[in-house]
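Fit chain B to the supplied structure of chain A, relying on the hints for placement.
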Amino acid sequence: MTFLNLFKRDADKHTVLSTGHVVPDSARCVQCGICSYNCPIGIDVRAHAWRGEAVVHSQCLTCGECVARCPRGVLRFEQTDLFAKGES
Amino acid sequence: MRYVIIGFGVAGIAAIEAIRSVHPSSVRGGDGGGVEIVLVGDDPHGFYSRPGLAYFLTGELHDKALYPRTSNDFKRLNFGTLRGRVTRIIRDQRLVEIDGKPPLSYDRLLLAVGAQAMPMKVTGADLDGVFKLDHLEDAKRILSHVRRGKTVVVVGGGITALELVEAFTARGMKVHYLLRGDRYWSNVLDEHESEIVEHRLQEEKVQLHYHSEIAEVTGHHGRVNGIRLQDGKTLKCDMVAYAIGIRPRVDLAKQAGLAVDRGILVNEFMQTDDPNIFAAGDVAQAYDPATGTSILDSLWAPARQQGYAAGLNMSGRQTAYVKSAAFNVTRLAGLTTTIIGMVGRGRDDDLVGIARGDSETWRKLPGAIVAQAGFDVNRLRLLVGERTLLGAIVMGDQKLSFPLEKIISGNMDITPIREKLLLPNAKVADIVADFWTKYQTAAVNN
Numbered sequence: 341m342t343f344l345n346l347f348k349r350d351a352d353k354h355t356v357l358s359t360g361h362v363v364p365d366s367a368r369c370v371q372c373g374i375c376s377y378n379c380p381i382g383i384d385v386r387a388h389a390w391r392g393e394a395v396v397h398s399q400c401l402t403c404g405e406c407v408a409r410c411p412r413g414v415l416r417f418e419q420t421d422l423f424a425k426g427e428s
Numbered sequence: 017m018r019y020v021i022i023g024f025g026v027a028g029i030a031a032i033e034a035i036r037s038v039h040p041s042s043v044r045g046g047d048g049g050g051v052e053i054v055l056v057g058d059d060p061h062g063f064y065s066r067p068g069l070a071y072f073l074t075g076e077l078h079d080k081a082l083y084p085r086t087s088n089d090f091k092r093l094n095f096g097t098l099r100g101r102v103t104r105i106i107r108d109q110r111l112v113e114i115d116g117k118p119p120l121s122y123d124r125l126l127l128a129v130g131a132q133a134m135p136m137k138v139t140g141a142d143l144d145g146v147f148k149l150d151h152l153e154d155a156k157r158i159l160s161h162v163r164r165g166k167t168v169v170v171v172g173g174g175i176t177a178l179e180l181v182e183a184f185t186a187r188g189m190k191v192h193y194l195l196r197g198d199r200y201w202s203n204v205l206d207e208h209e210s211e212i213v214e215h216r217l218q219e220e221k222v223q224l225h226y227h228s229e230i231a232e233v234t235g236h237h238g239r240v241n242g243i244r245l246q247d248g249k250t251l252k253c254d255m256v257a258y259a260i261g262i263r264p265r266v267d268l269a270k271q272a273g274l275a276v277d278r279g280i281l282v283n284e285f286m287q288t289d290d291p292n293i294f295a296a297g298d299v300a301q302a303y304d305p306a307t308g309t310s311i312l313d314s315l316w317a318p319a320r321q322q323g324y325a326a327g328l329n330m331s332g333r334q335t336a337y338v339k340s341a342a343f344n345v346t347r348l349a350g351l352t353t354t355i356i357g358m359v360g361r362g363r364d365d366d367l368v369g370i371a372r373g374d375s376e377t378w379r380k381l382p383g384a385i386v387a388q389a390g391f392d393v394n395r396l397r398l399l400v401g402e403r404t405l406l407g408a409i410v411m412g413d414q415k416l417s418f419p420l421e422k423i424i425s426g427n428m429d430i431t432p433i434r435e436k437l438l439l440p441n442a443k444v445a446d447i448v449a450d451f452w453t454k455y456q457t458a459a460v461n462n
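Protein chains in written order, with my numbering: chain A, 341 to 428; chain B, 17 to 462.
Hint data in this document are derived by calculation from the structure and do not stem from the laboratory.
Built from N, CA and C at the ideal position, the CB exists for glycine as well.
Be aware that a few hints might be false.
Not everything, but these chain B residues come out facing chain A in the computed CB check (under 7 Å) [stated by the list, open to error]:
no., residue
1, Ser65
2, Tyr71
3, Pro84
4, Ala317
The following residues of chain B were derived to be distant from chain A, with all beta-carbon distances above 12 Å [to be verified]:
no., residue
5, His39
6, Glu76
7, Met189
8, Glu211
9, Gln223
10, Asp290
11, Thr335
12, Val345
13, Asp413
14, Asn441
Which chain A residues stay away from chain B? Per the calculated CB distances, all over 12 Å, these [unchecked claim]:
no., residue
15, Gly360
16, His361
17, Asp384
18, Ser398
19, Gln399
20, Cys400
21, Leu401
The following block holds chain A by itself, in its conformation from the complex:
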C-alpha cells in the first residue's frame, strides 16, 4: 500500500478525470444546442440535458468545451461515481 501511495496524487487527478462527468441542470437548459455543436467527439450533450442525465459516455474527453460554451451555465463537472469516495 505504501508503494501505491507514492502515486496517490497522480491517481487522484486521474480519478477526477475518469470518474468526473458533465452534469446538466435541466431547469436552465433551453436546448439551443451549443453544447452538442461544439463537442469535438459529436456527443449529443443536449439530449442528456433534456433528460437531466449526466454525460456518461465512454468517448467523452471531459475537455470542458460544452461546459465553457453553454451560454446559460447549464453544465458543470461533477464527480458522479459515489463509490470512488473514501477509497484510499
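For chain B alone, kept in the frame of chain A given last:
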C-alpha cells in the same frame, strides 16, 4: 382516442412525451393504448429551440444545430404531423378546421400555440428593412440583411431587444439602441444592474439613446433609410429591429368561446373551461393555487413543465402543475444573469405587457428588503422577505445561482441568517454559501 396538439413548441413536444409515458407506443413495446396523437402546426421549421435563435443570430450556432430532436426520436414517440394553420375549433363537434385540409376530429385537444411579437405601430413599420424576432424565419430574414459596417436601430426592452443588439454588434454593425425611459429593463433590474448592462454595451460601441421614442421609420423606394424620433431628431440607418413585447396567441380560443384573459385561462391541471381542451406554454395563463392568481410566463422551462402536466392530465393521470419560483438564465451584454423569484415591480416603458423570456412573477414584489453585494460584473441582489428569500438576481459569477434557486423555490426558512444578511456591508455571498453548505451537510447527516 385521438389527441390533437396544436403548436410545434416545447409545450407540445413535452405533452406528447407525457402522453406516451402513459400510453407507450408500439415502437417502445407498448400497443399505444389505442391512442393516436396528431401534432398540427404552421411553423415550416417544426420543433427547434426558439431561445437558441439569439445564438444563431450572433453566429455562435449554425441553424441546423437548433433542432433538439432527430426524426428517429420522433418515430419513437409515434405521432402524426400535419402542417397547416388551424382556423377554427368547433367545440360541439370536437373538430378543428385546418386551412386547406379536411377537418380533424379530437377527443382531447391541447392549445400550445405560443405567443407572437407585438407589432410596432408607427408610420413606415412596413418598409423593407424593419424586423421583429418571432421565429427562425425572422432570424434568417434578419441575417440576410445584415452587413458589416451598416447601421441598425434597435427598439424595445427586455431580453429579446438586447439579444438583437448583441447580434448586430457581433456582426460588426453600428448599433443605436433606443430606450424610452432612463435605463434598461427598469421593472426587473435595479438602477445599478441596468447601469452594468448599459456600460458593457457602451464598451461594445453601442450608442444608447435615452428618453427616445420612435415616431416614424423613413424610407426611400420602399427601403428603410432612417428614423425620426418623437422629439424631431433623426437618425440614418439601414435596418430597424424591434422587440416591444409579446402577445399570447389567444384568437383561436377566443373564437371558440373559451375563457380568456391575457392568455387562455387554465386551472392547475392546465385545463380550460372546456374539460376536453387544455392549454400550455406561452399562450396559457395558469392558475397558481399558492397565490390565487393566474400568471403568464414566457419561459422555456415552465412551458415544458406545463406541457408535460397537460399531457398527463389529458391521459387521465391527474397531475397539478406546481409553479416553482420563476427562473431564467440569460446573457445580458455578455454577462450570464440568473433571475429567480420576485425581483422587481412597476412598469417598463419599453415593453407592452410581457416580453419573451419573461415572467410576470418577477414584478410581483411585495414589501421586501434588499441585500446586495458586488458592484462590478459579479453582482448579487437578494430580496429578503420575513422568513424566506423572495427573489435574487445573480450577475456574472454563477456559483450561488444553483443554491439560491433551491433556497427560493423551496421557501427555505432563512431566519438563522436573515439578520446577518441585512447588516450594512454584509458579506452576502459568503453568508448564503455558508448557509447552503450547512443545509447540505445537515441533509446528508439526516
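Non-interface claim for B/Asn441, where every Cβ of chain A lies beyond 12 Å: B/Asn441 clear of chain A: closest Cβ-Cβ about 28 Å, beyond 12 Å.
Would the non-interface assignment of B/His39 survive a Cβ cutoff of 12 Å against chain A? 20 Å, holds
Please check whether the beta-carbon of B/Asp413 is more than 12 Å away from every beta-carbon in chain A. About 10 Å separates B/Asp413 from the closest Cβ of chain A, which leaves it inside 12 Å; violated.
Compute the least Cβ-Cβ separation between A/Asp384 and chain B, then decide whether it is above 12 Å. Violated, since 9 Å does not exceed 12 Å.
Since B/Glu211 was said not to touch the interface, does its Cβ keep a gap of more than 12 Å from each Cβ of chain A? Given a closest Cβ separation of 22 Å, the condition holds.
Grab the minimum beta-carbon distance between A/His361 and chain B and tell me whether it stays above 12 Å. 17 Å, holds
Would you say B/Thr335 is clear of chain A, with no C-beta pair closer than or equal to 12 Å? Given a closest Cβ separation of 18 Å, the condition holds.
Evaluate the condition: distance from the CB of B/Glu76 to the nearest CB of chain A exceeds 12 Å. Since the minimum Cβ distance to chain A is about 6 Å, B/Glu76 lies within 12 Å and the statement is violated.
Looking at B/Gln223 again, its CB stays over 12 Å from all of chain A? The claim holds: B/Gln223 sits with its nearest Cβ about 25 Å from chain A, beyond 12 Å.
Taking 12 Å as the cut and beta carbons as the points, is A/Gly360 off the interface with chain B? 17 Å, holds
Is the nearest CB of chain A more than 12 Å from the CB of B/Val345? 4 Å, violated
With 7 Å as the cut and Cβ atoms as the points, is B/Tyr71 at the interface with chain A? 6 Å, holds
Checked against the numbered hints given earlier, this structure breaks hints 6, 12, 13, 17; the rest are met.
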